[in-house]
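Q: Now for the letters of each chain:
Protein chains: 2
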Amino acid sequence: MRTPKIIAFDVFGTVVDWHGSIQQEAEHIMPGIDGSAFANAWRAGYKPAMAEVRSGNLGWTKIDDLHRRILDRILPEFHVSLSEEQKQHLNLAWHRLAPWPDTIAGLTQLKAKYTITTLSNGNLGLLANMAKHAALPWDLILSAEVFQHYKPDPEAYLGVADIFDVAPVEVMLVATHEDDLDAAQSCGLMTAYVHRPYEYGMQKTKAVGDLTRFDYQARDLIELATQLK
Amino acid sequence: MRTPKIIAFDVFGTVVDWHGSIQQEAEHIMPGIDGSAFANAWRAGYKPAMAEVRSGNLGWTKIDDLHRRILDRILPEFHVSLSEEQKQHLNLAWHRLAPWPDTIAGLTQLKAKYTITTLSNGNLGLLANMAKHAALPWDLILSAEVFQHYKPDPEAYLGVADIFDVAPVEVMLVATHEDDLDAAQSCGLMTAYVHRPYEYGMQKTKAVGDLTRFDYQARDLIELATQLK
Numbered sequence: 001m002r003t004p005k006i007i008a009f010d011v012f013g014t015v016v017d018w019h020g021s022i023q024q025e026a027e028h029i030m031p032g033i034d035g036s037a038f039a040n041a042w043r044a045g046y047k048p049a050m051a052e053v054r055s056g057n058l059g060w061t062k063i064d065d066l067h068r069r070i071l072d073r074i075l076p077e078f079h080v081s082l083s084e085e086q087k088q089h090l091n092l093a094w095h096r097l098a099p100w101p102d103t104i105a106g107l108t109q110l111k112a113k114y115t116i117t118t119l120s121n122g123n124l125g126l127l128a129n130m131a132k133h134a135a136l137p138w139d140l141i142l143s144a145e146v147f148q149h150y151k152p153d154p155e156a157y158l159g160v161a162d163i164f165d166v167a168p169v170e171v172m173l174v175a176t177h178e179d180d181l182d183a184a185q186s187c188g189l190m191t192a193y194v195h196r197p198y199e200y201g202m203q204k205t206k207a208v209g210d211l212t213r214f215d216y217q218a219r220d221l222i223e224l225a226t227q228l229k
Numbered sequence: 001m002r003t004p005k006i007i008a009f010d011v012f013g014t015v016v017d018w019h020g021s022i023q024q025e026a027e028h029i030m031p032g033i034d035g036s037a038f039a040n041a042w043r044a045g046y047k048p049a050m051a052e053v054r055s056g057n058l059g060w061t062k063i064d065d066l067h068r069r070i071l072d073r074i075l076p077e078f079h080v081s082l083s084e085e086q087k088q089h090l091n092l093a094w095h096r097l098a099p100w101p102d103t104i105a106g107l108t109q110l111k112a113k114y115t116i117t118t119l120s121n122g123n124l125g126l127l128a129n130m131a132k133h134a135a136l137p138w139d140l141i142l143s144a145e146v147f148q149h150y151k152p153d154p155e156a157y158l159g160v161a162d163i164f165d166v167a168p169v170e171v172m173l174v175a176t177h178e179d180d181l182d183a184a185q186s187c188g189l190m191t192a193y194v195h196r197p198y199e200y201g202m203q204k205t206k207a208v209g210d211l212t213r214f215d216y217q218a219r220d221l222i223e224l225a226t227q228l229k
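So the sequences go chain by chain: A and B.
This note's numbering numbers the first residue of the first sequence as 1 and each following residue consecutively.
This note's numbering numbers the first residue of the second sequence as 1 and each following residue consecutively.
Just so you know, these hints were derived from the structure itself, not from any lab.
Keep in mind that the hints are not guaranteed to be accurate.
Put simply, identical chains are the same to the list, so a pair is met inside one copy or across any two.
What the hints assert, rightly or not - Straight-line Cα separation of at most 25 Å, DSS-like style, residue types lysine-lysine; simulated pairs:
1) Lys111 / Lys47
2) Lys5 / Lys87
3) Lys47 / Lys229
4) Lys113 / Lys132
This one's a predicted model, so the numbers in the text were calculated from it and none came from an experiment.
Excised from the complex, chain A in its bound form:
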C-alpha cells in the first residue's frame, strides 16, 4: 500500500467535535435553548457563506467574520438577544472546539512518522488558538487563508504540495467529508476517510457513500495511524 510524505487534515468534524462544543457553549450562554439545533443552524450557514467568497460575490473574508455574520442572522431565529460582548465571546467558541477522544493519540502516532499539517477553511488565528487550547501537535498549520482559496477550490489542495515542494500524490488528505476528499482526489492527492458518525450530534445520522474510492478508510485517527505504520 502506498504511503504519503505529508498528511493534511480537515479540522472541523474530522479532528474536533464542533457540534458537541458549540452545543455546550450555546446552552451555557443561552439557557433553555436547543443547543444541538443551534450548532447545526450555525454550521449550516458555513458552506453558503464560503460559496459567496468562492464565487467572487464577496471579497476574501475570514471564517471568524463569516461565523459572525451567520451568528447575527440565526440569533433572532432562536429568539435570543445577546450583548455585543457575549456575541464576540460566543463567536470565538470556534477557537475552543474540543478534540475527539482519539485525536491527540492518533495525531501523535502519525507525527512520529509523517509530517502532519492542517488544511482547513478556518483562519490561521482560529486554528492556532484551537491548537494551543486543545494541545493539537501540528507540524504546520495551513489554512485556506494562506492560499486565499476555500476548499474545494483546487488551489487549496495543490497549495499543500507546493508548500512542501512535493508532488500532489505525496500528500494525503484526511477528512470525514466525502466532497472534500473527492476534490482532493481529483487534484491527485491521496485520500483517507475517517468515520465521525456523531459529527452533527446523536440525533442526526450521516449518509455515507461508497468509501472504497478512497485510499484509506478508518474508524478513527488511531486506526488510521495503525494502517499507516
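Based on these hints, arrange chain B on the given structure of chain A.
A: Only chain B this time, still in chain A's reference frame:
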C-alpha cells in the same frame, strides 16, 4: 512593564545558529573548504536577493529558491563543483539548522504564558521542516510567504496582528537584528533584542547600537522568559 499577547520570533540567527550549522554541513560535503567563510558568503547573498523581490524586479520567490540561486553563484567562487543531487541536499541544510542552546527551554517557558509564532522570511515548508527537525514548539508558523512581503516591509509585521485579530502593540517581535526591530517598532509593535554575538561565527564580531530603544534586551531566550514572567 507592558507585556504583549503574541510573541513573534525572527528565526535565522535569533532562534537557530545558521552559521554553525551551514559551516558544519559545508565542511562535511566539501572537505578542506573554509566553512565559516562559505556560510557567511551564502548568507550575504540573502538580503540583496530579497531586495530584488521587495523592489518588484523579481516576482515572489521562496527563500529555498533564493538560497539555490546564491549557492549556484558562490560555488565557483569557492572553486567547488557539486553534483545536482549534492546541491539539492546542501540547499536544504537551511531546513536542518540547529537551535541555540537556550532556544528550546526559552521558547517552552514563553509558550506557557504567551502565544509564540515565527515571523521569518524563510518559507513555510522550510520553517515546518526546521521545527520538526529541531523540536521547536511553535504555536503557529508565520512567514513572509503568507503575506507575500519580505521583512522589513510593514505588511509582514502588521500581518501578525491581523492574523491574531489584536492591535500591533499587542505583538512583540524578538530578534537579534536591529534593523528588523526598528521596522517592527515603526509599525507599532513591541520589540525585544536578543544578543547572539556569534551569529556570524567566532571570528566576526557584531556591532551593536543603542539597545535601550527596544522594550526588552536579553542575553538569551531564557533570560527573556524570566523578564516576561
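Q: With reference to the structure, classify each hint as holding or not holding.
A: Verification of the hints:
1. Lys111 / Lys47: Neither, since 30 Å and 34 Å both go past 25 Å.
2. Lys5 / Lys87: between (41 Å within a copy, 22 Å between copies)
3. Lys47 / Lys229: This pair counts as neither: shortest intra-copy Cα distance 35 Å, inter-copy 43 Å.
4. Lys113 / Lys132: both (22 Å within a copy, 11 Å between copies)
Checked against the numbered hints given earlier, the structure breaks hints 1 and 3 and satisfies all the rest.
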